[in-house]
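This is what each chain is made of:
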Amino acid sequence: MNIRLKFYASLRKHLPGTEIGEEVVIEIIQGSTIKDVINSFSITEDLAKIIFINGIHKNLDYILEENDLLVIFPPIGGG
Amino acid sequence: MINEIIRINVSSMTHTMEEIPEKYKYLGGRGLTSAIVADEVDPKTDPLGPGNKIVFAPGILSGTSAPTSGRLSVGAKSPMTGGIKEANAGGLTATRLAKLGIKALIIEGEPNHEDWYHLYVSKDKIEFIKANEHANMGLYELIGKLWEKYPKSGLVGAGIAGQRLLKNAGIFGNNPENTDPGRYAGRGGLGAVLGSKRIIAIITDDDGGQRPMPKNEELFNTGRTKMVNALKEHAITGGKAGTDEGALKNYGTNVLQNIINEAGALPTKNFRSGYFEGAKNISGEAVHELVDEMKEKFGDKSEGEYGHACHPGCIIRCSNTVPDKNGKLIVSPLEYESAWALGTNCTIDNLEDVAMLNRICNDIGIDTIDAGNALAVAMEAGKIPWGDGKAAIEFMKKGYDPNDEDGATFMHGAAVAAKTWGIDRVAVVKGQAFPAYDPRPIRGIGVTYATTTMGADHTAGYTIAPEILGSAGGADPRELNKADLSRAFQSTTAYIDQAGYCLFIAFAILDIATGMEGLEETVAGFLGKEKYDITAVGNKILKTEREFNKKAGFTKEDDRLPKFFSEEKLPPHDVTFDVTDEELDAVFEKM
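Protein chains in written order, with my numbering: chain A, 38 to 116; chain B, 2 to 592.
Keep in mind that the hints were calculated from the coordinates and are not lab data.
One or more hints might be untrue.
Said to hold, decoys possible - If you want a taste of the chain A side facing chain B, the calculated C-beta under 7 Å gives, among others:
| id | residue |
| --- | --- |
| 1 | A46 |
| 2 | S47 |
| 3 | P53 |
| 4 | G54 |
| 5 | V62 |
| 6 | I63 |
| 7 | G68 |
| 8 | I87 |
| 9 | F89 |
| 10 | G92 |
| 11 | K95 |
| 12 | Y99 |
| 13 | F110 |
| 14 | I113 |
| 15 | G116 |
What the hints assert, rightly or not - Listed below are several chain B residues computed to face chain A (Cβ distance under 7 Å; list not exhaustive):
| id | residue |
| --- | --- |
| 16 | I513 |
| 17 | M517 |
| 18 | F555 |
This one's a predicted model, so the numbers in the text were calculated from it and none came from an experiment.
Every residue, glycine too, gets a C-beta built ideally from N, C-alpha and C.
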């Protein structure tokens, strides 16, 4: 099945060639969790600090559904 | 001068020095400005009249070797909110004042002349310098001229807007390189209070001054080491510019543009949507790329920069300089709140236009957050097309013309602009415009906007840290019971503001327990106290401010958000602000 994916800030290097905020469609195995996805990109858990599924915070154990928008930020802050 | 309060009287054009009284001995920064304003200013007084006073105070630790502690607090009764105000900023003045032994500079009285003056403050003398030739001058030019004569000095003051007593006038400050007047104690119209005293700039020269020394050096040093380590260790405040490590050093505060957008909480088109397609174009990542691109093209000649320090001794270094296509400085810094207000909230997504709008704010002396909200109001009124950056720039330039009515209305800020132009839709609390987080999907920050003594202000109790950024174990942004969270943040913030630390130490100390110990130990060690409890001291500052506001006439009804936030659903999550009035009232009732 397919999901949509966006990485921001220092995680963008894992999606080379994409523009800031560009959505990438990837194919995953049914039943995959967010943890499975970040493992496949060799992103460590401490770097996948802020995770949204369709704009709602989720944690690494969330099981992805068809066409979910997965957005991941490293630890960031500001204001 | 050691531990002195300097009192400047603009009626008699004289000054006095007073040893700091016992009751203020353990205060600094916001704690001291708010205490002095509460003790000496009648809450009912006209903010631009003879009864108001403006107070400049470095934090308790400013000028010491505590990291990232060089913040300046400015306090007065606010012409914008009608309540007490503290606005704080980096720049040079806090550390300069601290090294001269000045705990607070109070400007009071009513000028009985039509002239403009600068105030020169140094080890040997304090004097008024006639400055009529500098009135109505853009601030980039002004700070350049002043540094020619007073190199390395700290500069703060009132720009064109402040001199004209307009309600959104900020207190400008020069940055450490004096390339930009953008270190603003921006909010609440304090520039107009200084303007009412007919002072343009305060020039602080710390030549011959000394670093303030802690009373208990051992405790201070223990705390200092803990604070340095926490700031270096934490992924947000640590790292190194130009590497993968360190969010603030690489992307600045404007890294929030994309995350708040993805959370569906980025106020777009005057709070009509929580998502802006163009946000990415004006984000911290976009500034980072532009800086790199210009460095590649022009090498060291490019003035673009990230990982820039806003004051001496800052090790977080979240500031930046946005370059134009020739590598020359447009503005420094471009912060998240400013890029949001002048960009997203007006649906302008051209980075150069947004940077230019920020530059004009800095040049004429106004706060960017209220300016962006006022621009959106001008768009509501049909004076500027939505999303048209070039038209917005031309509109904002009306501010330079003292005879232009729209320019003056705009420089009063969003609340006055809306009233004057007959627009109902304006996001303000206590007359001060909202910052860059829609409170409908993020309820805690709405509780802070509603209840803080300052008018709508994110920094007063930055619950975004747990609600969105996962700090301190995280908090659900939709949860409605947020009085305790907001109160805890408001209280800790007051303590940080009093210490002179930058609020961004919070990211590190909320996650690293020894960092939190370092906060109290540096302050207690410096003051020679065994303990100096964070919550108790923070609450005391808030109570002083709250009491002032009560006497100024504020009631519970002033602690509410505009109605459309509870009535109109915000896309994309289609949520309203559902926090009850009882919950809002609990912030102070249960303190």
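Enumerated hints in conflict with the structure, sorted upward: 3, 4, 5, 6, 7, 11, 12, 16, 17 and 18
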